[in-house]
Every structure is written in C-alpha cells, then in structure tokens.
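Given the coordinates of chain A, work out where chain B should sit on it, guided by the hints.
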Amino acid sequence: MERVNGYHGQYLSIDVSKGTAESLQIAQETLKTYIGGSGLGTRLLLDHRAWEADPLSPEASIVFAFSPLVGSPLTTSAKFAVVSRSPLTDRINDSLASSTFAIAGKRTGNDALLIHGKAPSPSILLIEENDVRLLPADHLWGQSAEATESRLRDELGADYSFAVIGPGGEKLVRYATISHSGRHAGRGGSGAVLGAKNIKAIAVRGQQRTEWFDQEGLIKEARDLSKRSFGPATQKYRELGTAANVLVFNRLGCLPTRNFQKGTFEGAAELSPEAMDAARDKMRSSCAACTIGCTHIYKLDTDNESQSARIEYENLFALGPLCEVSDQQTVLQASQLCDQYGIDTISTGGTIAFAMECVERGLLDEPWLRFGDNEALLKAIHLIGRDESFGKQLALGSRALAQIIGHGSIEFAPQVKGLELPGYEPRALQTMALGFAVGTRGADHNRSGAYEVDFSEHVDRRNATLAQARLAVETENKAAIMDSLILCKFLRGVFEDYFAETAAMLNLVTGWGLDSADMLHSAESVVQAKKEFNIACGWTPVEDTLPSRMLTSALEDDHKASLTSDTLNSLIRAYNLERGWDENGFPIVTGDSV
Amino acid sequence: MKIKIEYYGIPRQRVGLASEILEFDGEQMGIHDVILAISNRHPEFQQHCMDGTRIDKNFTVNLNGDRFYQEDDGVAHDGDSLLILSMDAGG
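Residue numbers (my numbering), protein chains in the order written: chain A, 2 to 595; chain B, 6 to 96.
It cannot be assumed that every hint is accurate.
With a cut-off of at most 27 Å between alpha-carbon atoms, the simulated BS3-like pairs for lysine-lysine come out as follows [what the hints assert, rightly or not]:
(1) B:Lys9 <-> A:Lys561
(2) B:Lys62 <-> B:Lys9
(3) B:Lys62 <-> A:Lys221
(4) B:Lys7 <-> A:Lys561
(5) A:Lys221 <-> A:Lys490
It should be emphasised that the hints constitute simulated quantities derived from the structure, not laboratory data. Predicted model only: the values in this text are computed from it and were never measured.
With the rest of the complex left out, here is chain A:
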C-alpha cells in the first residue's frame, strides 16, 4: 500500500494458540477516519467481528493500538490503547496507558497488535518486528506485575518493553489491569482477557520508524507544546496531582462517600495531598515522553525504604471516602496492593463499598466487612487478588455481585453497564450523570469529560437542562480525538481551538491537510463505532441509565442534589438526537454507517 507518514499501514494479527502471526494492511481511509488508539482499535475489532466471542474465550480478540503521534517529539504522545470486549461489562472497553511499550510496540513496524487464541500454557508473547514467539512463563505465574517486568528485563534485556498482568489477570478478576512500567491500562478488565489467553506478558522490540511529513514543523510544534505544558493549565497536576480534587469535591458536595450515599466525607482533609505532603516523603515522576509530571508517589510507613504508592484522585476516592476510610496509610497500602495484584482501583473500591453496604443492610453475611474498617478493606483486596473465599465474588464486580445477592441490591450497585462509577457524584454533577449513563464503556470520566461543563458558569450543576446534552456531546468528541491521537487529557487546557490545533498537529505528521470539520467527523465516527460494537454485543437502550437509587433519592447530605429518571431520560433523548441517532440511541443507517 501507499506509505502514509506517521503510520506503518499494517497491523499484526497474532494467534497465540499456534504462536503464529500475519501482517494485515490498513486502508488509508481507515487511518484518516479512526486515527489510532481507541478509534483504530475499535475499528479493527469491528472488522474482526470481535463482538461474537465471549471476552474470556480463546476466540476473543484484544488489540493494542498505537497512534500516528507515537514516536514523535510531541509531549505525552507515548501512549497506546488496549481495546477489547470487556469481561466486566460485556461491552466495548478501551483502556489507555503511557509507557515505552507504545514506542517499542510501534517500532515493531505495526500500527496495532491484534491477539487472539489461547496459549497452551502460561506464556510470554515475544514480538520482534514481525517475528512472534511464545516463551514459557510458568516461573512468572503468580508474580506481581512489577516483579514480572523486572525479571523479564533481566532475562530478555532492557531494550524490550513489556505489558504484563499481575495475579488478578491470571485469576480472571473481571477488572484486572495490564501494567507497563508502573502505569496501568486500568479499566474494564483487559488484564483478564490476556490472562484467559495464558499470556502473562508481552515483550516488544523493533527498529522500524515512521516518517514525519514536516519534520521541522513538528519539532517547532513539539517545543511550543512542551512550553505550554509547563504553564498554568497543568500547574495543579504538577504540584499537587489529581488528588487536589479531594478537598474541592468535598466542598462542592460531589465527593462520593459510603457507596454514593453522601457527597461529603469528614475525613477528606486527612487524605488531601496537602496533608499527605506534610506527613510523608514524596517523589514526583512522569510517564514516558511527558513534560507534565503528574505522578505523585508517597512513602508508606514501613521499615522498607522502597515501599511507596502512586496516588491519584481516583484511587484516593475509591479506596478512601467510598469505603469511609480516612487513614492515609491504609489508603496508600490499598493502592499499592491493587497495583501489585494488577486490579483496577476504582472497580475494587466500588465493589468493596457496595459489599460493605450490603453487609450493613443485612443482605450479605460477611460481618467483618464494614465501612470505615481499615483492616477489612485490605483483607478484601487480598481476597480478590488471591481469588480466595468471598474474594471470588468480589472479583466479579458490583453488578454481578448484586445479581448473586439479590434483594434489590442492584439498585445501589455503583455501576453503569457493569463498570463502577468514578469519583464524581452524578446527582451533584448532572451533565456528568448524562455522560456516565450514555458512555459506551459504562460509567466513565475519561471518555466523557462532562464534569467540565458542571464546573463552569454555563450550567446549574444540580439542575440539568436539555442544553447540557450538546455540551456533553462536545466533551465526548474531544475525548474521542485525544484517545485516538493519542495525547494526555491533562493537556486539554492548553488548547485555544481544540479541533483546529489537533488537526494541525496531525497534518504535521501525516501531511493529510485535515481541518476542524475532519477532526469532528473522526470524533463522531469513533463514538459511533463503539456504539455499533455494543449494539452487535446486544446493547439495548435500557442500559443507558444510572443505579436506580440515584434516580429516586437525593444525596443524604445535600437534598438539592437530586435527579429523576424523567430528567435523565430527557437528557439521554436529547443526547441521542444531538448525536444524529434516533431518540433511543440507535444510529440511523446511512451509506456512511460504520
């Protein structure tokens, strides 16, 4: 095929049952429309009819999708997307991570790696350009992600980059992660998909580079973007990290507490980065090829100097207020345990908090599991990671656990489409409520940035109007482009004219001459492709909703924060029409349909 700047124009389809691979071409029009990352990954899954397979079956496909910006000097561009049908939601899942795996993976000469089949025994999938081999991984089975990566570096060499699963992925925890140099493709259980294939790790290495259309212009743009990334738009992330949200959200009454029963938490100050900074040693770090440096790593109270935990708002909220735990050391330990087992902190905290409420209501006979009990939180995480006793049920996620418990507990299981809600109380942030309800991968703050609308003067965040549907669509479209280019969302504040600037960036790489309208078309195509994947999986409009308690009760500590199903359904209809779909959310079939 014609060489396309920024791309290799092909992907590798790997059958791990046999240890064989086949190079397949990608049409330029596909790349123009779906760009890379989440968009390209979804497109490839649709082409391979991946909706037909159970996510944990050998036939299931999982895609590691790179992007045209990977390998460029643009800050935060060393990212990739892992896309598959989720074992947690049974719908599309795309989780992103930053690491050298993106750069090394693209240097294999492929824009994506599509993996299917099941290795006959625990294996390392080694990919060196188009040469694919399976190596035994029995000696790594049971090891944490970090230990596995370290050992592989010793065994295979530091010029490989790795994607690995922890014990959670091996044991098919439905929200297991895939880890890369301490970063995680976290949500939706992609680690379990890999574990079901007996793949403990993927090692990639290569020498294939892509050309840039305008090298000089790209370097100039990269310098400018780096400079802007040091500016005030990213100050908060550098100095305090995303955990700075804890005090703000608490003040605004949107910090989910006690399994989304309240929006404020008495112990919030103890968990703030300001308090942590005062009490503990801290180190800052950055993802690969990033100038922002948002990662804040706190030391644990232990004799072991190397014991530390990365803290972000989402793991703080989920393992702290949501479980009513305010002890810094416990929350740090809980975060560290999740990383070691390779499980998603949000779903872990959400599922445990839900179980705690079930115990409190007498629906579940696990009397040790109580809100605010530090040891209970840590014990529950160990049980999940080790696949022991009640951990086997916690490992299924809150929706499946509610189905086991029954007694109407599904009404307060904190999930949409099976994915546990992140740390934004929907009743107090009603544009975000819409974003959660319609999200193709479930309740999610990365595919919809609708909270930005709620934190603006444009709306009354506790009294949604239909005008908010358009604003929610806009944030979702921007996220679709960010996740397909791929760039870090923490850069979003540096852009004045988002679609024009991202089009210009892509043009420097590819020479395509795209404009804002083209980028918007790509964004809409990516969102629609995900929707069509879900429809093929069996999606119906009733899935676009929130836990029913959120639609029948106001927040305990803020009676102004209430949302009815009528209001939410009106917002969803407005959203669907804004998307150009029918009012139930089905895309209207045209010649352009994906």
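Chain B only, in chain A's frame:
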C-alpha cells in the same frame, strides 16, 4: 460586610492560606471587585493567579459551593463564601 474567601489547589499554595475573612463596606459587592481586593492583598495571588486585572483563565470562582461564575456576573453578599479554585478536574 464579611465574605469568607476559601482557597483550593494552586491558589491555596500561592496564598498560603486555606481561608480568610475579608471585610468590605456596603451590603453587596461584585465578584470582580472581591477578586481585585484579594489580588491587592496577596502579591503571590496577583503574580500567579491573575491575568492583569482579571483572574487567570485557569482558575475559577464559585459562590457558596453552588454556582460557578464569570467575574462579571456574580455578586457576593454579607456572609457568603467565595471559593477560588483551579479550573480543571479529572484524574
């Protein structure tokens, strides 16, 4: 009248205070004027959180934990709390 100013995130780092109470003449005051008073009182705030005579676009204000405001829109009254925070969320 008294207005409580609450600082969060970067504004708190720069000002070095979690909150303070400012006193003004009259029964109400435009948010823009309150911001200017804060800016005059705290040079670090002026240097890092202001763009000339207006609050930098990367920061925002909220009245009493309810509505967010553009500086020109809102009015603060005696007993109100004005929150000053970073514009972005996420994480």
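So, going through the hints one by one against the coordinates:
no., hint, in the structure
1, B:Lys9 <-> A:Lys561, "holds, 22 Å"
2, B:Lys62 <-> B:Lys9, "holds, 22 Å"
3, B:Lys62 <-> A:Lys221, "holds, 25 Å"
4, B:Lys7 <-> A:Lys561, "holds, 26 Å"
5, A:Lys221 <-> A:Lys490, "holds, 21 Å"
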